[in-house]
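There are 2 protein chains.
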Amino acid sequence: MSPQHRALATREAILRAAAEEFDRLGYDAAPLSAILERSGVTKGAFYFHFPSKEALASAIVQVQDDTWPRLTGQWRDRGLDPLRTLIGLFEEAVSLLSRDVVLRAGVRLAADRDVGYPGLSSAHLRWEKVLGDLLLAARDAGQLRPGVDPEAAARTLTSAALGARLISSATCRCADFPERMREVWRLVLPGLATDEWCPPALEVLAAPQEP
Amino acid sequence: MSPQHRALATREAILRAAAEEFDRLGYDAAPLSAILERSGVTKGAFYFHFPSKEALASAIVQVQDDTWPRLTGQWRDRGLDPLRTLIGLFEEAVSLLSRDVVLRAGVRLAADRDVGYPGLSSAHLRWEKVLGDLLLAARDAGQLRPGVDPEAAARTLTSAALGARLISSATCRCADFPERMREVWRLVLPGLATDEWCPPALEVLAAPQEP
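Here the protein sequences come in this chain order: A and B.
Counting in the numbering used here, the first sequence runs from 3 upward without gaps.
Counting in the numbering used here, the second sequence runs from 3 upward without gaps.
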């Protein structure tokens, strides 16, 4: 392994160890000593990469801040219809959160930092906007039932995702988050999408998911 | 005012002042001095009623712990059909939370106390059970669409309510929580209730709400 690769691997090991602790305990309750021990790196190596616990938390928050716009762009670029884009984006974000402890810890840390209310960060309001835009496009494409308010539907989906993530985080570290979100879609889609668009959307959800 | 009435009024003034601070700031960030000042009572009067900030918080948590089972019992005793009971119970709980700062603070404090995950308390899991039981009864009464899983629907409604409450708490102290929950129902009911039961349920939601 070249020195550059080794440095990168060390940085990743620290990030992952820190994420494990932050995801379980939150920022305040996770001691730096436990992070160091879990990562298996020396103090010197640690401080070479991160000058402080605060810097480490910032790096973890940054990972998720970078992930969501990139993921949204990727799904938009696929050129699928808006409803399919929305469901695919949602499914992938949920799946990533349930599998990737660094992302999950980043979401928790972002909420810890935002003053205001525990459990919530400004990222949720950005999601509401992303979903609202896709649902407006879905309405214009004739995919929504008459009378459905796209912005109200975006608020409901954001609320359901936030609540499901919190409950799933607290009870099983997000292991059942994908299934909880599929339950949300199954209940919501018949009231959201037209009779033409609802069945294929439900089929997407029924398809085997990536591990 | 009799001494008994005056003592009760003082206790209420302290509870309400404390709730205002806890609702805004959470337990740790709300200083006892601010609660005392807001309540307008003397230190002597305060300590006569509550030996500590902790005792005060416990009293506020107790108010909401007492409220939910009583409210559930009242709605069950009305003898309405299960779906109407469920919607009525939900609407009243949401309306109470948006109007009553003592209840709202109690919910926040309960979540602060439960170890585990910020924003969440074991009360949410109890709600999931209450909703699940009512939805099972609704299924047995032929009110649910074929294929709807009552327990999955209870999980989705609990998640949506939790998420909507957090977002509404953080952005406007729950002022728009009732409207957010009506949006949830409008989107969910067509996929949940049969064509026979859905329209009257939607009518209940469209009726003017208590102030």
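These are calculated hints, taken from the structure and not from any lab test.
Just so we're clear, the structure is a prediction, and the values are computed from it rather than from any experiment.
Any given hint could be a false lead.
Chain A stretches covered by chain B per the calculated footprint, using a threshold of three residues with CB under 8 Å from any CB of chain B [as the list claims (entries may be wrong)]:
no., segment
1, 12-22
2, 144-154
3, 161-167
Some residues of chain A that are not near chain B, with every Cβ distance over 12 Å (derived) [claimed, not checked]:
no., residue
4, G46
5, F52
6, T74
7, R157
Simulated crosslink set (SDA-like; lysine to any residue; CA at most 20 Å straight-line) [as the list claims (entries may be wrong)]:
no., chain 1, residue 1, chain 2, residue 2
8, B, K131, A, D178
9, B, K131, A, R86
10, A, K131, B, D178
11, B, K131, B, D83
12, B, K55, B, A15
13, B, K131, A, K131
14, B, K131, A, E181
15, A, K131, B, S97
16, A, K131, B, A15
17, A, K131, B, C174
18, B, K55, B, T87
19, B, K55, B, P71
20, A, K131, A, D178
Using N, Cα and C, we set each Cβ at its ideal position, and we do this for glycine too.
Okay, the hints, checked on the actual structure:
no.: 1; hint: 12-22; verdict: violated (count 0)
no.: 2; hint: 144-154; verdict: holds (count 4)
no.: 3; hint: 161-167; verdict: holds (count 6)
no.: 4; hint: G46; verdict: holds, 34 Å
no.: 5; hint: F52; verdict: holds, 24 Å
no.: 6; hint: T74; verdict: holds, 20 Å
no.: 7; hint: R157; verdict: violated, 6 Å
no.: 8; hint: K131/B <-> D178/A; verdict: holds, 18 Å
no.: 9; hint: K131/B <-> R86/A; verdict: violated, 33 Å
no.: 10; hint: K131/A <-> D178/B; verdict: holds, 18 Å
no.: 11; hint: K131/B <-> D83/B; verdict: holds, 18 Å
no.: 12; hint: K55/B <-> A15/B; verdict: holds, 15 Å
no.: 13; hint: K131/B <-> K131/A; verdict: violated, 32 Å
no.: 14; hint: K131/B <-> E181/A; verdict: holds, 18 Å
no.: 15; hint: K131/A <-> S97/B; verdict: violated, 26 Å
no.: 16; hint: K131/A <-> A15/B; verdict: violated, 40 Å
no.: 17; hint: K131/A <-> C174/B; verdict: holds, 18 Å
no.: 18; hint: K55/B <-> T87/B; verdict: violated, 37 Å
no.: 19; hint: K55/B <-> P71/B; verdict: violated, 26 Å
no.: 20; hint: K131/A <-> D178/A; verdict: violated, 25 Å
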